[in-house]
Amino acid sequence: MRNEWILDKNHLSYWLRQLRKERELVGPLLNGGKDIVFRTVEQIHEIVLDLPASLPSPKEFLLPQYEPMLRLDIPGGEPGVHYRAQPVSPDACVKGSRAGRVYDLAERRRRIVFGVRPCDVSAVRLLDRFFLEGYRDPYYEQRRMNTLMVTIACNNPDPTCFCIGLGTGPYLDGGFDIQLTDLGNRYFVQAASAEGVRTVKATSFLFRRPGKADHDDQYEVILSAKARFRKRISLESPRGMILAGRIKDDFWQRVAARCFECGGCVYECPLCTCFTVTDRRYHGGIERARLWDTCLFKGFTRMAGGVLPNEKRMLRTKRWYYHKLIHYPEVLGGFGCVGCGRCTLTCPGKIDMAAIATAMKGLDLDGATAVVGKGRQVGIGEVMRRPKPEETGAGPEGEG
Amino acid sequence: MSLVPQTATLVEKRYLDPQHSLFRFVFDDEGVRESFSFSPGQFVMLSIFGVGEAPISITSGPDEKGFVELCVRQAGRVTGALHALEENATVGLRGPYGNGYPVDVMEGGNLLIVAGGLGIAPLRSLIRYVLYRRDRFREVGIGYGARNPESVLFSGEMQNLVARTDIKCILSVDSVPEACRWDGHVGRVTEIIDRINMPIEGTSVAVCGPPVFYKFVLEKLLSLGYSKGSIYMSLERRMECGLGKCGHCVVGHKYTCIEGPIFTYWDAINLPEIF
Numbered sequence: 001m002r003n004e005w006i007l008d009k010n011h012l013s014y015w016l017r018q019l020r021k022e023r024e025l026v027g028p029l030l031n032g033g034k035d036i037v038f039r040t041v042e043q044i045h046e047i048v049l050d051l052p053a054s055l056p057s058p059k060e061f062l063l064p065q066y067e068p069m070l071r072l073d074i075p076g077g078e079p080g081v082h083y084r085a086q087p088v089s090p091d092a093c094v095k096g097s098r099a100g101r102v103y104d105l106a107e108r109r110r111r112i113v114f115g116v117r118p119c120d121v122s123a124v125r126l127l128d129r130f131f132l133e134g135y136r137d138p139y140y141e142q143r144r145m146n147t148l149m150v151t152i153a154c155n156n157p158d159p160t161c162f163c164i165g166l167g168t169g170p171y172l173d174g175g176f177d178i179q180l181t182d183l184g185n186r187y188f189v190q191a192a193s194a195e196g197v198r199t200v201k202a203t204s205f206l207f208r209r210p211g212k213a214d215h216d217d218q219y220e221v222i223l224s225a226k227a228r229f230r231k232r233i234s235l236e237s238p239r240g241m242i243l244a245g246r247i248k249d250d251f252w253q254r255v256a257a258r259c260f261e262c263g264g265c266v267y268e269c270p271l272c273t274c275f276t277v278t279d280r281r282y283h284g285g286i287e288r289a290r291l292w293d294t295c296l297f298k299g300f301t302r303m304a305g306g307v308l309p310n311e312k313r314m315l316r317t318k319r320w321y322y323h324k325l326i327h328y329p330e331v332l333g334g335f336g337c338v339g340c341g342r343c344t345l346t347c348p349g350k351i352d353m354a355a356i357a358t359a360m361k362g363l364d365l366d367g368a369t370a371v372v373g374k375g376r377q378v379g380i381g382e383v384m385r386r387p388k389p390e391e392t393g394a395g396p397e398g399e400g
Numbered sequence: 001m002s003l004v005p006q007t008a009t010l011v012e013k014r015y016l017d018p019q020h021s022l023f024r025f026v027f028d029d030e031g032v033r034e035s036f037s038f039s040p041g042q043f044v045m046l047s048i049f050g051v052g053e054a055p056i057s058i059t060s061g062p063d064e065k066g067f068v069e070l071c072v073r074q075a076g077r078v079t080g081a082l083h084a085l086e087e088n089a090t091v092g093l094r095g096p097y098g099n100g101y102p103v104d105v106m107e108g109g110n111l112l113i114v115a116g117g118l119g120i121a122p123l124r125s126l127i128r129y130v131l132y133r134r135d136r137f138r139e140v141g142i143g144y145g146a147r148n149p150e151s152v153l154f155s156g157e158m159q160n161l162v163a164r165t166d167i168k169c170i171l172s173v174d175s176v177p178e179a180c181r182w183d184g185h186v187g188r189v190t191e192i193i194d195r196i197n198m199p200i201e202g203t204s205v206a207v208c209g210p211p212v213f214y215k216f217v218l219e220k221l222l223s224l225g226y227s228k229g230s231i232y233m234s235l236e237r238r239m240e241c242g243l244g245k246c247g248h249c250v251v252g253h254k255y256t257c258i259e260g261p262i263f264t265y266w267d268a269i270n271l272p273e274i275f
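The listed protein sequences derive, respectively, from chains A and B. For the first sequence, position 325 matches number 325 in the numbering used here, and the numbering has no gaps at all. For the second sequence, position 197 matches number 197 in the numbering used here, and the numbering has no gaps at all.
Read the hints as simulated data drawn from the structure, not as lab findings. Fair warning: there could be bad hints in the mix.
In silico lysine to any residue, SDA-like type, Cα no more than 25 Å apart, as pairs [said to hold, decoys possible]: (1) B:Lys215 <-> A:Arg302; (2) A:Lys312 <-> B:Pro210; (3) B:Lys254 <-> A:Gly305; (4) B:Lys254 <-> A:Gly263; (5) A:Lys312 <-> B:Arg77; (6) A:Lys298 <-> A:Glu311; (7) B:Lys254 <-> A:Glu141; (8) A:Lys9 <-> A:Tyr219; (9) B:Lys254 <-> A:Pro138; (10) B:Lys254 <-> A:Glu330; (11) A:Lys361 <-> B:Gly252; (12) B:Lys254 <-> A:Asp249; (13) B:Lys65 <-> B:Asn99; (14) A:Lys9 <-> A:Asp217; (15) A:Lys248 <-> B:Gly252; (16) B:Lys65 <-> B:Ala89; (17) B:Lys254 <-> A:Trp292.
Required output: the full structure, derived from the provided sequences and hints.
Here is the structure:
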């Protein structure tokens with residue numbers, strides 16, 4: 001029997017309440033500034049279901065912006081002070097004893113993240129390879145093992161989305177825990193992971209098996225969603241152009257000239273993982289934590305004595321794109337981009353992945369023209385602008 | 001291997017010169033003390049709790065059990081705090097990390113070691129490895145260059161090496177102030193490579209020093225005919241994890257902390273940002 005069910009929409013909140021009994025429920029909520037953010041759900045009805053496709057990535061639940069790693073009690077100080085609201089895990093291991101104790105703070109809280117996008121699930125699959133191959137990162141591993149993701153497939157991709165060209169969305173055939181497809185009055189539910197199947201089966205009385213009409217409806221919804229994509233961007237051709245040596249440094253020079261070094265793309269990117277480690281003192285001890293860091297910042301590679309191997313901004317900008325387009329596929333077997341379009345929304349210089357991939361084809365960024373498609377000349381403003389909602393069909397971003 | 005360090009005690013602090021000291025650490029945990037093993041060229045992450053963590057090359061030999069020695073220059077936040085520590089202070093150590101020198105490749109052949117300044121720190125570990133099993137190497141040559149006689153690190157040990165007959169060791173300084181006595185060579189490091197006069201065939205070369213030193217030494221070695229694949233250099237990068245995750249040490253798509261810090265010159269010329 002295939003792991004497919006139908007969930008009536010009226011049963012959704014009841015289902016979520018059942019899920020919450022076992023795990024902390026995290027979902028998209030409106031915060032005070034009217035932004036949609038993933039937070040712990042207190043009231044089920046506050047979950048925002050009418051979501052833009054590019055809501056924040058759930059990476060913060062696997063690699064938090066600030067993650068305590070260890071705590072050292074100093075004898076004579078006050079041990080066990082809770083520096084943050086997060087509890088020290090009760091089975092935290094004790095390493096070393098002579099000068100106080102070093103606690104390993106890997107978080108073991110069980111969590112369910114509701115409303116994740118398929119592109120982000122694709123990103124998590126690459127993150128799994130990155131964090132769990134070679135050295136197994138214990139902090140990531142603990143969080144990953146304890147996190148169940150309920151994906152909502154994208155019926156309404158944003159104008160900035162281009163997962164369709166990368167095969168990372170808007171629907172997934174596998175690799176998710178649970179995937180919901182909105183069919184109007186009901187959800188088409190698919191479970192792929194063992195934990196996902198178990199979770200659905202634990203509340204099987206809420207679900208029914210899908211019939212032919214359900215399958216047909218899902219197929220139709222998928223087709224119409226796929227037709228809605230405005231951007232048809234492949235990253236294969238930019239990669240090929242770089243590897244063929246057709247992208248010279250002056251191209252990156254012009255990209256770098258528009259980089260504000262704000263780090264927005266990195267923080268928003270579901271596949272950016274660089275972190276920095278910092279020690280903080282508080283009365284009674286020391287806490288060591290890791291924080292998100294950005295290779296676009298000048299100080300990222302600063303060594304003792306002030307040596308900066310990556311002093312030129314051009315080298316840093318180039319490195320970010322090389323990492324995503326060249327090194328990720330070589331090392332992890334997939335692009336370091338899932339087409340979520342968040343950098344397009346964030347970048348004030350408009351040198352996001354989609355813009356760069358498009359500009360490369362014209363080999364022009366700040367110059368007068370870029371060649372797109374069959375010799376058609378378009379101005380740079382046209383290439384780099386943000387698509388307006390009323391536009392339909394392949395614009396200048398199209399494959400041509 | 002873990003991101004959580006083991007606590008260790010600073011048992012000895014040996015003053016070398018105003019900027020450099022040799023620190024000897026003993027792990028607090030008896031099991032770790034006995035099981036800790038490494039190969040020359042590897043490094044540890046040193047934690048000064050409350051200040052931070054830094055990657056430091058191991059300076060002691062892999063056969064010296066029970067302790068770890070690090071030769072550290074006072075250069076930044078963590079190393080500054082380390083120099084301020086008194087004996088019996090507690091630090092954190094984790095590792096060893098990195099690939100280390102390919103001693104299995106080097107054994108059976110000739111070995112030329114060229115160090116400049118603090119570059120002797122990881123190479124001292126290799127020298128000690130060689131001294132412990134001298135019979136496994138054919139000819140061994142060591143060239144060590146420093147600014148002036150006072151900045152020669154481990155001068156007593158180095159003088160002992162110069163006195164040995166089974167190793168050709170030459171020390172060199174750029175200049176000698178008037179008040180100093182100096183028996184070694186005065187001039188460029190590249191000149192002592194000529195004087196050591198190692199065979200080209202079957203020789204591995206281990207080089208470590210500041211960037212300008214690399215530039216001249218590599219030029220010299222290539223002009224003598226050493227192959228790029230036989231020259232091993234040790235790269236220095238900022239690191240925050242040592243395990244290939246934090247991203248700070250990435251050069252091209254290689255993580256210095258796991259695929260390095262020892263690279264052959266052949267590998268290094270294909271990496272961006274190095275020269």
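Comparing the hints with the structure gives:
no. : hint                  : result
1   : B:Lys215 <-> A:Arg302 : holds (21 Å)
2   : A:Lys312 <-> B:Pro210 : holds (20 Å)
3   : B:Lys254 <-> A:Gly305 : holds (23 Å)
4   : B:Lys254 <-> A:Gly263 : holds (22 Å)
5   : A:Lys312 <-> B:Arg77  : holds (24 Å)
6   : A:Lys298 <-> A:Glu311 : holds (6 Å)
7   : B:Lys254 <-> A:Glu141 : holds (23 Å)
8   : A:Lys9 <-> A:Tyr219   : holds (19 Å)
9   : B:Lys254 <-> A:Pro138 : holds (22 Å)
10  : B:Lys254 <-> A:Glu330 : holds (11 Å)
11  : A:Lys361 <-> B:Gly252 : holds (24 Å)
12  : B:Lys254 <-> A:Asp249 : holds (21 Å)
13  : B:Lys65 <-> B:Asn99   : holds (20 Å)
14  : A:Lys9 <-> A:Asp217   : holds (15 Å)
15  : A:Lys248 <-> B:Gly252 : holds (16 Å)
16  : B:Lys65 <-> B:Ala89   : holds (20 Å)
17  : B:Lys254 <-> A:Trp292 : holds (20 Å)
Going through the hint list in order, the structure satisfies each hint without exception.
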